[in-house]
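*Asks:* Given next are the chains, with one letter for each unit.
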Amino acid sequence: MFPRPIAQTSRATQVMYQVALPIALFLWLLPLIGIAVTSLRPPADLAQGNYFGMPSAIAFSNYADVFRNSDLARYILNSFALTIPVVIGAVGLSCLTGYALGIYKFRSNLLIFFLFVAGNFVPFQILMVPVRDLTYNIGLIDTTTGLALFHVAFQTGFCTLFMRNFIKALPFELIEAARVEGVSEVQIFWHIVLPLMRPAIAALSVLIFTFIWNDYFWATVLTTSREAQPITAGLNSLKGQWVASWHLFSAGSIIAALPPVAIFFLMQRHFIAGLTLGAVK
Amino acid sequence: MSTYWKANQRRLAPWLFLAPGMIMFAIYVIIPIFQSMWISFYDWDGLGEAVWIGTANYVELADDPEFYTSFKNNIIWLVLYLLAVPAGLLIAIFLNQTVRGIRLYKSLFFFPFVISQVVVGLIFTWFYAPGFGPIFKLTELVFGQGTAILADDRYVTYGIIAAGLWPQIAYVMILYLTGLNNVAPDQVEAARLDGAKGWRMLWYVILPQLRPATFIAVVVTVIGALRSFDLVSIMTAGGPYGSSRVLSYYMYEQALSEYGYRMGYGAAIAVVLFGIMMVFISGFIWKMWRDETER
Chain C
1 MFPRPIAQTS RATQVMYQVA LPIALFLWLL PLIGIAVTSL RPPADLAQGN
51 YFGMPSAIAF SNYADVFRNS DLARYILNSF ALTIPVVIGA VGLSCLTGYA
101 LGIYKFRSNL LIFFLFVAGN FVPFQILMVP VRDLTYNIGL IDTTTGLALF
151 HVAFQTGFCT LFMRNFIKAL PFELIEAARV EGVSEVQIFW HIVLPLMRPA
201 IAALSVLIFT FIWNDYFWAT VLTTSREAQP ITAGLNSLKG QWVASWHLFS
251 AGSIIAALPP VAIFFLMQRH FIAGLTLGAV K
Chain G
282 MSTYWKANQR RLAPWLFLAP GMIMFAIYVI IPIFQSMWIS FYDWDGLGEA
332 VWIGTANYVE LADDPEFYTS FKNNIIWLVL YLLAVPAGLL IAIFLNQTVR
382 GIRLYKSLFF FPFVISQVVV GLIFTWFYAP GFGPIFKLTE LVFGQGTAIL
432 ADDRYVTYGI IAAGLWPQIA YVMILYLTGL NNVAPDQVEA ARLDGAKGWR
482 MLWYVILPQL RPATFIAVVV TVIGALRSFD LVSIMTAGGP YGSSRVLSYY
532 MYEQALSEYG YRMGYGAAIA VVLFGIMMVF ISGFIWKMWR DETER
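If you're matching them up, the sequences are chains C and G in order.
For the first sequence, the tail end lands on 281 under this note's numbering, and the numbers increase by one without skipping.
For the second sequence, the tail end lands on 576 under this note's numbering, and the numbers increase by one without skipping.
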């Protein structure tokens, strides 16, 4: 193990480490702690210039105000209506593509695989004008569906990379044995490979959920109205409405950050497996 | 039909499985890349008739000081963003212990990556806010005069990059933590018996084993740096006076904002950004290709 386990060091080092840990964490999360405290600060404090001292009271009412005075609830709903179908769509499509590229040997296999990988890395701006034009022409500009369709297509690149590597690592004998038994290719996929893919599906789902929830660029390019904008773009719109109301801002930010954070904590193991692209074991 | 399928299903099946994903990916990703290149030779406002102007957009670009500012900022982003790699490694080494509650510490350190860049941008905007922001106060304390970082064209890009580094370091840290977990313990013990420790141990024994993690860390950091858009848009909208623009933001501004709907010119900027990124993407793909075909 590297570095040397702290249990093997002197008593003094151990104590120092135990003290250093919470201090380091506090400093690291200071920005977050800052807005968490501000989100509970009564507006009167801010008016008096008490930005960073102890709050004079704990004002949960800020959170109620945020919902009452703005479209935040609407934006949150939009985000869910966008994110959940995209997760299902992208993960579903990539189960199929990952299976095709992971199991079958055919000449253009690697070429197609690397097309997916490369496409996944391109700058969004090279897609912006044509995608916006396409979405406009099929009548889906400024709708959740239009935004979702793009996300499904784009995330399929990343998901295929992940799924294909995962399937490639499965024991191939299983599939060969099934083929000898005369099981059809579709049934092999459905009854043998898909059940084994559960961990990969879980990992990708949480990861894609976070990616899509946090997307801002495409939200601003493809949606403009409160009926379709997800929370990231919504927060930016609210910036105008909440000029200098930092307590509302902070509360809104915390609410926007909550769903991915909750998912992360609930499914941490899967999340981290997903982030390492399945490449670092 | 069914006999044909039975005889050929192993040859046809992969294409059936690939079809839905490939069609979607082609429509929304592969084809638009070429369409953008095509559009970059036109003068087009996005609605009316597009007029072929040849390379005029690129000629204009070559003479556009705003373009060079954005380009220069992209380079600064790229170089400074790579600091996330050693910084993430440092934190990972610090946290790679087995004391009580360490799992919770690790996840809390990872926190900044989970939240949206929009929120990160808002937090840091507030930290830099002139008059009362803590960073402003700090500069006031140290230099006697407060600096509004986001309103000063000398510091603004660095201020935004600092905000971007926060989640990026968290990401790299997780990659290295997983990597450190897989370092072969017998090799470390053997090296230790040979008297290796500290920096020498890290450099000669640990880092070579962390190579896969380092590769991914560099890939995601480079891509992240060149994709930087959210923070610039949220924190400064390119300002003051365009001094914090990056290519991705400048493209958006030209193509889709009150500055005008110049789709062709925007596409030309995107093509340049794409070209820069292709240098890196080809490198990554080349390495991955080599790994694949060697196996």
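In short, the hints are calculated from the structure, not lab data.
All C-beta atoms, glycine included, are put in the ideal place defined by N, C-alpha and C.
Incorrect hints may appear among the rest.
To spell it out: a stretch of chain C is covered by chain G in this simulated footprint if at least three of its residues, at any positions, have a beta carbon under 8 angstroms from a beta carbon of chain G; those stretches are [stated by the list, open to error]:
| no. | segment |
| --- | --- |
| 1 | 91-98 |
| 2 | 193-199 |
Only pairs whose alpha carbons sit at most 25 angstroms apart, straight line, appear in this in silico PhoX-like list of lysine-lysine [said to hold, decoys possible]:
| no. | chain 1 | residue 1 | chain 2 | residue 2 |
| --- | --- | --- | --- | --- |
| 3 | C | K105 | G | K387 |
| 4 | G | K568 | C | K105 |
| 5 | G | K418 | C | K239 |
| 6 | C | K105 | C | K168 |
| 7 | G | K568 | C | K168 |
*Asks:* All hints are to be evaluated individually against the structure, with a verdict given for each.
*Replies:* The hints, checked one at a time:
Remark: the segment 91-98 of chain C is confirmed as covered by chain G, as 4 of its residues place a Cβ nearer than 8 angstroms to a Cβ of that chain, reaching the required three. For the segment 193-199 of chain C, the stated coverage by chain G is not satisfied: 0 residues place a CB nearer than 8 angstroms to a CB of that chain, which falls below the threshold of 3. The straight-line distance between the Cα atoms of C/K105 and G/K387 is roughly 41 angstroms, outside the 25 angstroms bound, and the hint therefore fails. Distance check on the hinted pair: G/K568 and C/K105 sit about 21 angstroms apart at the alpha-carbon level, within 25 angstroms; holds.
Distance restraint check for G/K418 and C/K239: the Cα-Cα separation of roughly 23 angstroms lies within the 25 angstroms cut-off, and the hinted pair is therefore satisfied. For the hint pairing C/K105 with C/K168, the CA-to-CA distance comes to about 11 angstroms; that is within 25 angstroms, so the pair holds. Taking the CA atoms of G/K568 and C/K168, the gap is near 18 angstroms; set against the 25 angstroms cutoff, the hint holds.
In terms of the numbered hints stated before, the structure departs from hints 2, 3, listed from lowest to highest.
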